[in-house]
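A.B. asks: Below, each chain spelled out in residue letters.
Protein chains: 2
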Amino acid sequence: MLRTHTCGELRIGDTGKDVILAGWLQRSRDLGGMTFIDLRDRFGITQLAFNMETDATLCGKARELGREFVLQVTGQVVERSNKNPKMETGDVEILVTDLRVLNTSEVPPFTIEENTDGGDELRMKYRYLDIRRNAVRRNLELRHKLAFETRRYLSDNLFLEVETPVLIKSTPEGARDFLVPSRIHAGQFYALPQSPQTFKQLLMVGGLDRYFQIVKCFRDEDLRADRQPEFTQIDCEMSFVNREDILSTFEGLARYLFKTVKGLDIMPFARITYADAMKYYGSDKPDTRFGMKFVELQQMLQGAGFPLFDEAQLVAGIKVEGCGDYSRKQLDELTDWVRRPQVGAKGLVYVKFQNDGAIKSSVDKFYTSDQLHQLLEACDALPGDLLLIMAGETHATRKALGELRLEMGKRLGLRNPDKYACLWVVDFPLLEWNAEAQRFFAMHHPFTSPLPEDAQLLATDPAMVRANAYDMVINGVEIGGGSIRIFDRELQATMFDALGFSPQEAQNQFGFLLDAFRYGAPPHGGIALGFDRLCSLFGGSDSIRDFIAFPKNNAARDVMIDSPSPVDQAQLKELHLKLDQKQS
Amino acid sequence: MLRTHTCGELRIGDTGKDVILAGWLQRSRDLGGMTFIDLRDRFGITQLAFNMETDATLCGKARELGREFVLQVTGQVVERSNKNPKMETGDVEILVTDLRVLNTSEVPPFTIEENTDGGDELRMKYRYLDIRRNAVRRNLELRHKLAFETRRYLSDNLFLEVETPVLIKSTPEGARDFLVPSRIHAGQFYALPQSPQTFKQLLMVGGLDRYFQIVKCFRDEDLRADRQPEFTQIDCEMSFVNREDILSTFEGLARYLFKTVKGLDIMPFARITYADAMKYYGSDKPDTRFGMKFVELQQMLQGAGFPLFDEAQLVAGIKVEGCGDYSRKQLDELTDWVRRPQVGAKGLVYVKFQNDGAIKSSVDKFYTSDQLHQLLEACDALPGDLLLIMAGETHATRKALGELRLEMGKRLGLRNPDKYACLWVVDFPLLEWNAEAQRFFAMHHPFTSPLPEDAQLLATDPAMVRANAYDMVINGVEIGGGSIRIFDRELQATMFDALGFSPQEAQNQFGFLLDAFRYGAPPHGGIALGFDRLCSLFGGSDSIRDFIAFPKNNAARDVMIDSPSPVDQAQLKELHLKLDQKQS
Numbered sequence: 032m033l034r035t036h037t038c039g040e041l042r043i044g045d046t047g048k049d050v051i052l053a054g055w056l057q058r059s060r061d062l063g064g065m066t067f068i069d070l071r072d073r074f075g076i077t078q079l080a081f082n083m084e085t086d087a088t089l090c091g092k093a094r095e096l097g098r099e100f101v102l103q104v105t106g107q108v109v110e111r112s113n114k115n116p117k118m119e120t121g122d123v124e125i126l127v128t129d130l131r132v133l134n135t136s137e138v139p140p141f142t143i144e145e146n147t148d149g150g151d152e153l154r155m156k157y158r159y160l161d162i163r164r165n166a167v168r169r170n171l172e173l174r175h176k177l178a179f180e181t182r183r184y185l186s187d188n189l190f191l192e193v194e195t196p197v198l199i200k201s202t203p204e205g206a207r208d209f210l211v212p213s214r215i216h217a218g219q220f221y222a223l224p225q226s227p228q229t230f231k232q233l234l235m236v237g238g239l240d241r242y243f244q245i246v247k248c249f250r251d252e253d254l255r256a257d258r259q260p261e262f263t264q265i266d267c268e269m270s271f272v273n274r275e276d277i278l279s280t281f282e283g284l285a286r287y288l289f290k291t292v293k294g295l296d297i298m299p300f301a302r303i304t305y306a307d308a309m310k311y312y313g314s315d316k317p318d319t320r321f322g323m324k325f326v327e328l329q330q331m332l333q334g335a336g337f338p339l340f341d342e343a344q345l346v347a348g349i350k351v352e353g354c355g356d357y358s359r360k361q362l363d364e365l366t367d368w369v370r371r372p373q374v375g376a377k378g379l380v381y382v383k384f385q386n387d388g389a390i391k392s393s394v395d396k397f398y399t400s401d402q403l404h405q406l407l408e409a410c411d412a413l414p415g416d417l418l419l420i421m422a423g424e425t426h427a428t429r430k431a432l433g434e435l436r437l438e439m440g441k442r443l444g445l446r447n448p449d450k451y452a453c454l455w456v457v458d459f460p461l462l463e464w465n466a467e468a469q470r471f472f473a474m475h476h477p478f479t480s481p482l483p484e485d486a487q488l489l490a491t492d493p494a495m496v497r498a499n500a501y502d503m504v505i506n507g508v509e510i511g512g513g514s515i516r517i518f519d520r521e522l523q524a525t526m527f528d529a530l531g532f533s534p535q536e537a538q539n540q541f542g543f544l545l546d547a548f549r550y551g552a553p554p555h556g557g558i559a560l561g562f563d564r565l566c567s568l569f570g571g572s573d574s575i576r577d578f579i580a581f582p583k584n585n586a587a588r589d590v591m592i593d594s595p596s597p598v599d600q601a602q603l604k605e606l607h608l609k610l611d612q613k614q615s
Numbered sequence: 032m033l034r035t036h037t038c039g040e041l042r043i044g045d046t047g048k049d050v051i052l053a054g055w056l057q058r059s060r061d062l063g064g065m066t067f068i069d070l071r072d073r074f075g076i077t078q079l080a081f082n083m084e085t086d087a088t089l090c091g092k093a094r095e096l097g098r099e100f101v102l103q104v105t106g107q108v109v110e111r112s113n114k115n116p117k118m119e120t121g122d123v124e125i126l127v128t129d130l131r132v133l134n135t136s137e138v139p140p141f142t143i144e145e146n147t148d149g150g151d152e153l154r155m156k157y158r159y160l161d162i163r164r165n166a167v168r169r170n171l172e173l174r175h176k177l178a179f180e181t182r183r184y185l186s187d188n189l190f191l192e193v194e195t196p197v198l199i200k201s202t203p204e205g206a207r208d209f210l211v212p213s214r215i216h217a218g219q220f221y222a223l224p225q226s227p228q229t230f231k232q233l234l235m236v237g238g239l240d241r242y243f244q245i246v247k248c249f250r251d252e253d254l255r256a257d258r259q260p261e262f263t264q265i266d267c268e269m270s271f272v273n274r275e276d277i278l279s280t281f282e283g284l285a286r287y288l289f290k291t292v293k294g295l296d297i298m299p300f301a302r303i304t305y306a307d308a309m310k311y312y313g314s315d316k317p318d319t320r321f322g323m324k325f326v327e328l329q330q331m332l333q334g335a336g337f338p339l340f341d342e343a344q345l346v347a348g349i350k351v352e353g354c355g356d357y358s359r360k361q362l363d364e365l366t367d368w369v370r371r372p373q374v375g376a377k378g379l380v381y382v383k384f385q386n387d388g389a390i391k392s393s394v395d396k397f398y399t400s401d402q403l404h405q406l407l408e409a410c411d412a413l414p415g416d417l418l419l420i421m422a423g424e425t426h427a428t429r430k431a432l433g434e435l436r437l438e439m440g441k442r443l444g445l446r447n448p449d450k451y452a453c454l455w456v457v458d459f460p461l462l463e464w465n466a467e468a469q470r471f472f473a474m475h476h477p478f479t480s481p482l483p484e485d486a487q488l489l490a491t492d493p494a495m496v497r498a499n500a501y502d503m504v505i506n507g508v509e510i511g512g513g514s515i516r517i518f519d520r521e522l523q524a525t526m527f528d529a530l531g532f533s534p535q536e537a538q539n540q541f542g543f544l545l546d547a548f549r550y551g552a553p554p555h556g557g558i559a560l561g562f563d564r565l566c567s568l569f570g571g572s573d574s575i576r577d578f579i580a581f582p583k584n585n586a587a588r589d590v591m592i593d594s595p596s597p598v599d600q601a602q603l604k605e606l607h608l609k610l611d612q613k614q615s
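Residue numbers (the working numbering), protein chains in the order written: chain A, 32 to 615; chain B, 32 to 615.
Derived by calculation from the structure, the hints in this document are not laboratory data. For every residue, glycine included, the Cβ atom is placed at its ideal position computed from N, Cα and C. Treat the hints with care, as some may be off.
Said to hold, decoys possible - One side of the interface only, derived from the structure: several residues of chain B facing chain A at Cβ under 7 Å:
#1 Arg60
#2 Asp61
#3 Gly63
#4 Met65
#5 Phe67
#6 Leu171
#7 Leu173
#8 Thr202
#9 Ser213
#10 Gly238
#11 Ala547
#12 Leu608
Claimed, not checked - Here are the computed lysine-lysine pairs in the DSS-like style, where the Cα-Cα straight-line distance is at most 25 Å:
#13 Lys324(B) to Lys176(B)
#14 Lys609(A) to Lys441(B)
#15 Lys609(B) to Lys609(A)
#16 Lys293(B) to Lys316(B)
#17 Lys117(B) to Lys310(B)
#18 Lys377(B) to Lys247(A)
#19 Lys316(A) to Lys114(A)
#20 Lys176(B) to Lys450(B)
#21 Lys324(B) to Lys391(B)
#22 Lys360(A) to Lys441(A)
#23 Lys117(B) to Lys293(B)
#24 Lys604(A) to Lys604(B)
#25 Lys290(B) to Lys176(B)
#26 Lys324(B) to Lys310(B)
#27 Lys247(A) to Lys247(B)
#28 Lys441(B) to Lys293(B)
#29 Lys310(B) to Lys604(A)
#30 Lys360(B) to Lys310(B)
#31 Lys117(B) to Lys176(A)
#32 Lys391(B) to Lys176(A)
Using the sequences and the hints given, assemble the complete structure.
C.D. replies: Okay, structure coming up:
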């Protein structure tokens, strides 16, 4: 090694030791007789001291060094006169006796500091410099630790990590595949996996019992903010299990990770049905760090002559604690906020329960004081609280009120990133009606099983069938989801029928899995967790990009390596392809 | 869980317990009054007993079950009257009281046994059934364990696992890339990585200090036997190190894996230079489980009038112990063997030192008895030994004699798969002359550094420069290799010059890495180990395919999912591509 210690290692107990350190020049300060340099590596920062009186040549050399130069220094650990309690190595410094410049550096395009002056695009172009910053490095360390502890937990629970292929086959159902042209087989293509779903089910047919993989998956989607064309999944499957076994195993994983990685004891996961999640939070991934549950008010409020309420399918409100003194201006601003296209509400009704007991409402001409008091009581409101009410078509109203709830939670500081509210959302609908295609689509995928008690409805009333599916939701973020799979060929046939597939179509699309099911498929189920999302949750960030070493931008482009890029004609020719010039 | 215990779990101490097991019907035997079923899962086999006298209905039901049916049984653990010491559960059986058929099975296309009757193609087509066989399952379990312990060792040594991108950029240098057309950027392509080489070097520039990744890599090569278009690498890089640090770290990894996975204490790795490996074994990956080192004999044997020797650049032999009694027929067969095109020797000279002390040789008319005795002495031959000698152009002769050495080692049982001979081959040539292109190519890659003592030769005598590169070789298999990298821009410029690159060409091909090197690249080096190969070595097999869950065949085809395959015109259109019909 070119060092005896790292830059994060030396303490007061090391005083007197002769050491060699190597790292980057973070900062240097000339104080007349002395020059101090902060030397940085992955592990920390150690102060180097050069004395103009005792070694003018060396000190002079030190004064010529620039930021991000790579240095190797020899010297003695001495106690600092001016200790820095904020640094772990702040009690000591190195009295340098020898200095070697291992490499020089041009001035970096942005500062390598906790808070940098570099904008997003610049930092992405020079991602290798961005990674030198503590903030980014810590994220990658967190990711490493989460991956390792995930593997440890699953290994301890007898899961085998099995690598499934990356060069697979395109299937028209689902999102768009990335394709890989074959050179050897002219006119044929591989596809990159959107998930190892079929392979993990085949591994269960193969008797592997418990499978997992931390695995790259690929989707050629039009990118929204914070989506990546390649992303990482913790992909798992178990045999001979029912839903409870999967929920307890992966609740166990989450709690193990919180404990080992963050030192937190997490409460047992709450459970909520999809129906209740929509009814009380207007979302299938509710943030339950705070209450503000919906109260349905149409029975109480309809019939008083207020047309918005009278004509609505749903009237529902939330109680916002401590906001009873909101000004007209604040309420107008909130009304504007819910009318934004992203929320899409027509309007907002308020009832202020002032601290002095007075009630003020945008609808007080339609209701008596008694009625308003009853309303406040139905919402458990106390003096000082504010009711915010929306009305309209049920689903749209719930969604809009759900957005408002999240916004009020944010404004009131109720969405503390250091607090974790974990839950399972269960009993999703099995099928979704697609008006355009005039057929049902599987909400999860066609191998998701119905709840046993709903299975007989599949042939008669498919829309009512609940799936044996579940999502893990933490702080309003869908961390992952899964289901108990269909493993019975008859039920599978009924399912394909409900999806409008002929037996032949089913065979064409899912042939090798259906074939496998002929040979004794065991009962099985699984889950896939979004690993990038899990990392950002643990890192207290909203952005997955901060937790990916070399992310792509919103146009699916890697601006550092400048990819994708044109290729040689010769390469295309080998692949039996031509560019379709008309379109490009 | 649908079971209380696995099929590998119950022992004599469990007698009397009421249990539920689930698994596959391996085999059933009707013995008149009793029916026995072997129930199999990933963890083992447990015998089920059905008694015709006590429950005729249940026993009758059991008799109707077919191979590979999926069963759930309830019963009591009882001691077997007829114990099977070969099975871990062989002391007990389950007296079944309830039987549920979880799934039926058609008769599998081959037997699910340790030694199956299924041929290679059939087993690959039904790989999910092949995986049910102990032999395959054990390989996947071994792979899981090797991966996990590799991660544990490297994590404990402060390496961070960092995921590098899969959608990267095509570079013309090196093997052929798989390409991925971009839909969003018409006419542009990603490439799949042949290795994360540049990214791991960028992570060192980024100060991550120690990186690893167990990662899929891709090469679009014309497949040879036992090559896969996608393969897995243990990819590593370290900063502030010299060669010794890397060798000791990864020798440590190998020894740790042998200890934890196989319970073996491995000797410290031997070291051999590339020059000596070629000189003594005719291979840069010598199998050193046995001796049979080459003895160079041209000084001793030239000038006696035997033209083959007199005109040869090299005359070299091996001593094959205990084969001095080889018959004429055996020697003729060996001569034919070395003349096969795969070996390509022109002929073979033998000297038999018979047990009775007599010497017989195919060249005895050219040499006196004294000369032949001196020859035997030079080779340390004892009565009963055989010398096999080849002559010709140095490199070709070494290669052919190396093949013969391996063959004789195999025939004599000296290549025991349970014995491990580990070594580092060091000091490879930095450059290889390519006669066709009339320029040097980097033997490893253009960022491999020369040995410090050879660096000044790079500008004057490039062919003589040795690389600071190393290969890990175990039992004649190249497990992996790496190098200390160039991190100095001046040396890098000299290197590109030696490779015949103009500065502009270097910038075009390796621009972003060269750019990164402007900002303080630390000294660094690394290694990549072939993980599939490591698994097959640990599994005592020659085939990597046995250790890949879903391998592709020699035509890069997955015969199970039938991929690659044609895709819709609409998909191609979205990708701005047309098939080049002229060629296909």
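A.B. asks: Take the hints in turn and mark each one as holding or not.
C.D. replies: Evaluation of the provided hints:
no.: 1; hint: Arg60; result: violated (19 Å)
no.: 2; hint: Asp61; result: violated (21 Å)
no.: 3; hint: Gly63; result: violated (27 Å)
no.: 4; hint: Met65; result: violated (24 Å)
no.: 5; hint: Phe67; result: violated (19 Å)
no.: 6; hint: Leu171; result: holds (6 Å)
no.: 7; hint: Leu173; result: violated (10 Å)
no.: 8; hint: Thr202; result: violated (10 Å)
no.: 9; hint: Ser213; result: holds (4 Å)
no.: 10; hint: Gly238; result: holds (4 Å)
no.: 11; hint: Ala547; result: holds (5 Å)
no.: 12; hint: Leu608; result: holds (5 Å)
no.: 13; hint: Lys324(B) to Lys176(B); result: violated (36 Å)
no.: 14; hint: Lys609(A) to Lys441(B); result: violated (50 Å)
no.: 15; hint: Lys609(B) to Lys609(A); result: holds (5 Å)
no.: 16; hint: Lys293(B) to Lys316(B); result: holds (23 Å)
no.: 17; hint: Lys117(B) to Lys310(B); result: violated (49 Å)
no.: 18; hint: Lys377(B) to Lys247(A); result: violated (51 Å)
no.: 19; hint: Lys316(A) to Lys114(A); result: violated (49 Å)
no.: 20; hint: Lys176(B) to Lys450(B); result: holds (20 Å)
no.: 21; hint: Lys324(B) to Lys391(B); result: holds (22 Å)
no.: 22; hint: Lys360(A) to Lys441(A); result: holds (19 Å)
no.: 23; hint: Lys117(B) to Lys293(B); result: holds (21 Å)
no.: 24; hint: Lys604(A) to Lys604(B); result: holds (17 Å)
no.: 25; hint: Lys290(B) to Lys176(B); result: holds (12 Å)
no.: 26; hint: Lys324(B) to Lys310(B); result: holds (9 Å)
no.: 27; hint: Lys247(A) to Lys247(B); result: holds (10 Å)
no.: 28; hint: Lys441(B) to Lys293(B); result: holds (23 Å)
no.: 29; hint: Lys310(B) to Lys604(A); result: violated (43 Å)
no.: 30; hint: Lys360(B) to Lys310(B); result: violated (30 Å)
no.: 31; hint: Lys117(B) to Lys176(A); result: violated (42 Å)
no.: 32; hint: Lys391(B) to Lys176(A); result: violated (67 Å)
Checked against the numbered hints above, the structure violates hints 1, 2, 3, 4, 5, 7, 8, 13, 14, 17, 18, 19, 29, 30, 31, 32; every other hint is satisfied.
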